[in-house]
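Peer 1: Whole structure, please, built from the sequences with the hints as guidance.
At position 6 of the sequence shown the residue is numbered 73 (our numbering), and the sequence of numbers has no breaks.
To be clear, the hints were calculated from the coordinates, so they are not data collected in a lab. Certain hints may be false.
[As the list claims (entries may be wrong)] Result set (PhoX-like, lysine-lysine): computed pairs, CA atoms no more than 25 Å apart in a straight line:
| no. | residue 1 | residue 2 |
| --- | --- | --- |
| 1 | Lys140 | Lys192 |
| 2 | Lys374 | Lys192 |
| 3 | Lys78 | Lys192 |
| 4 | Lys413 | Lys75 |
| 5 | Lys316 | Lys376 |
| 6 | Lys347 | Lys413 |
| 7 | Lys125 | Lys140 |
| 8 | Lys125 | Lys75 |
| 9 | Lys369 | Lys382 |
| 10 | Lys192 | Lys316 |
| 11 | Lys279 | Lys392 |
| 12 | Lys316 | Lys382 |
| 13 | Lys77 | Lys125 |
| 14 | Lys140 | Lys78 |
| 15 | Lys374 | Lys316 |
| 16 | Lys77 | Lys192 |
| 17 | Lys266 | Lys369 |
| 18 | Lys77 | Lys316 |
[Unchecked claim] Restraint ranges, calculated between C-beta atoms of paired labels, are given here:
| no. | residue 1 | residue 2 | range |
| --- | --- | --- | --- |
| 19 | Arg161 | Arg355 | 14 to 24 Å |
| 20 | Ser236 | Asp135 | 18 to 28 Å |
| 21 | Pro114 | Arg213 | 31 to 41 Å |
| 22 | Gly380 | His189 | 29 to 39 Å |
| 23 | Asn240 | Gly280 | 54 to 64 Å |
| 24 | Trp208 | Gly380 | 20 to 30 Å |
C-beta atoms are modelled at their ideal positions from N, C-alpha and C, and glycine is treated no differently.
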Amino acid sequence: MFEPSFYKGKKVLITGHTGFKGSWMCQLLLPSGANVFGYALEPPTTPNLFQICQLSEKITSIRGDIRDFVHLKQVFRQVQPEIVIHMAAQPLVRESYQNPVYTYETNVMGTVNVLECIRLTHSVKSFVNVTTDKVYLNQEWEWGYRENDQLNGYDPYSNSKSCSELITSSYVNSFLREQRTAVSTARAGNVIGGGDFAKDRIIPDCVRAAIKGEDVIVRNPYSVRPYEHVLEPLSAYLMIAQAQYQDLKYAGNYNIGPEDADCRTTGEIVRLFCQLWEAKTGNSITWREQYDGGPHEAGFLKLDCSKLKRTFGWKPRWDMEEAVKKTIEWSNTYVTGGNAVSCIEKQIAEFLNTSHKK
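Peer 2: See below:
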């Protein structure tokens, strides 16, 4: 686990801080006393977690597009960050089929722009590029992909993230190793948690259907994904950023995902959600399969996280049932007019105080 005390007073720049994961990252960092700076577009949904948490009042939030190199370079020059965590992206597979050029511009050239700014800003000691579990050439096999497996994502989103990995490797070899800037890429599984309002994601779809009293529509209940609570990868990003800041030997590529037992089918996840929602609220909901003829999506995907475990002694802290429970807890708090920010703060404290999963 990362040490919050390490981040006290350090300048941390987060790209994509207005998104779901970015907002949770800001909330996770705030108690440490870090000087948090964010660079991103306006929040991608309405409502959104960034505004619910009133984060613009708690951090230095800068509106900008990572495709805009001139502006991004000015921000780096002004902030002089020590640690950069790059999460800005076009993050949706289905959206990437509809807008492939924008997806590549954002995920590929956006990464180039961030890396070039780091090359020109010698204050940066540690950089973590957040990519995805989908960077690998998916053979649809039943064992987890390892960090040295071939990269070649199928769809424009996944492929653009594979490109982002290769670009990062080139910048390390060509410039950043010589500058002694520590660089890692983090390939995380599908995340869930309170405050995700995105479209075409199964848990937000479940929450929306539950609130409306409608059936949950599931496109492919048999697809297998490495789902995990959003705090699992976020805390791992901070752990990696800290470790490589302190010792360059920890720089590299890392998978971050759940234990094999929690690599569930989408149908299993939805059934679990329905059971836990009824237990929490007393309102029963059902789901049904309805294929909509959409574009190709991988049927089976699993990560081998042995490297992260071996290097840092890391293990997931919350299993899938606990992750879904926490998501429902936050969603019910928000819908019923409770204190959604306090709920996030409570969950972060619980997560940090949870022993490694047995």
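Peer 1: Look at each hint and say if it fits the structure.
Peer 2: Status of the hints after comparison with the structure:
Distance hint between lysine 140 and lysine 192 is fulfilled; the C-alpha atoms sit about 17 Å from each other, no more than 25 Å. Taking the CA atoms of lysine 374 and lysine 192, the gap is near 22 Å; set against the 25 Å cutoff, the hint holds. Distance hint between lysine 78 and lysine 192 is fulfilled; the C-alpha atoms sit about 11 Å from each other, no more than 25 Å. For the proposed pair lysine 413 and lysine 75, the alpha carbon gap of about 20 Å is at most 25 Å, so the pair holds.
A distance of roughly 16 Å separates the Cα atoms of lysine 316 and lysine 376; the hinted pair therefore holds under the 25 Å criterion. A C-alpha spacing of about 18 Å is found between lysine 347 and lysine 413, which places the hinted pair at or below 25 Å, so the restraint holds. For the proposed pair lysine 125 and lysine 140, the alpha carbon gap of about 23 Å is at most 25 Å, so the pair holds. At most 25 Å may separate the alpha-carbon atoms for a hinted pair to count; lysine 125 and lysine 75 meet this at roughly 15 Å.
With a C-alpha separation of about 16 Å, the suggested pairing of lysine 369 with lysine 382 holds against the 25 Å cut-off. A C-alpha spacing of about 13 Å is found between lysine 192 and lysine 316, which places the hinted pair at or below 25 Å, so the restraint holds. This hinted pair checks out: lysine 279 and lysine 392 have alpha carbons roughly 19 Å apart, not beyond 25 Å. For the suggested pair lysine 316 and lysine 382, the alpha carbons sit about 20 Å apart, so the restraint of at most 25 Å is met.
Note on lysine 77 and lysine 125: the hinted pairing holds, with a Cα-Cα distance of about 15 Å set against a maximum of 25 Å. With a C-alpha separation of about 16 Å, the suggested pair lysine 140 and lysine 78 falls inside the 25 Å cut-off, and the hint holds. Between the alpha carbons of lysine 374 and lysine 316 the distance comes to roughly 13 Å, so the proposed pair stays at or under 25 Å and holds. Restraint check: the Cα-Cα separation between lysine 77 and lysine 192 comes to about 11 Å, which is no more than 25 Å; the hinted pair holds.
Pair hint lysine 266 plus lysine 369 holds up; C-alpha atoms about 23 Å apart against a cutoff of 25 Å. In summary, the hint linking lysine 77 to lysine 316 is supported, as the alpha carbons are separated by about 21 Å, within the 25 Å threshold. A beta carbon spacing of about 20 Å between arginine 161 and arginine 355 agrees with the range 14 to 24 Å that was offered as a hint. The hinted range of 18 to 28 Å is satisfied by serine 236 and aspartate 135, whose Cβ atoms lie roughly 24 Å apart.
The hinted range of 31 to 41 Å is satisfied by proline 114 and arginine 213, whose Cβ atoms lie roughly 39 Å apart. The hinted window of 29 to 39 Å between glycine 380 and histidine 189 holds, with their beta carbons roughly 32 Å apart. Between asparagine 240 and glycine 280 the beta carbons are some 55 Å apart, a value that agrees with the proposed interval 54 to 64 Å. Take tryptophan 208 and glycine 380: their Cβ atoms lie about 28 Å apart, and the range 20 to 30 Å holds.
Consistency with the previously given hints is maintained throughout, with no hint failing.
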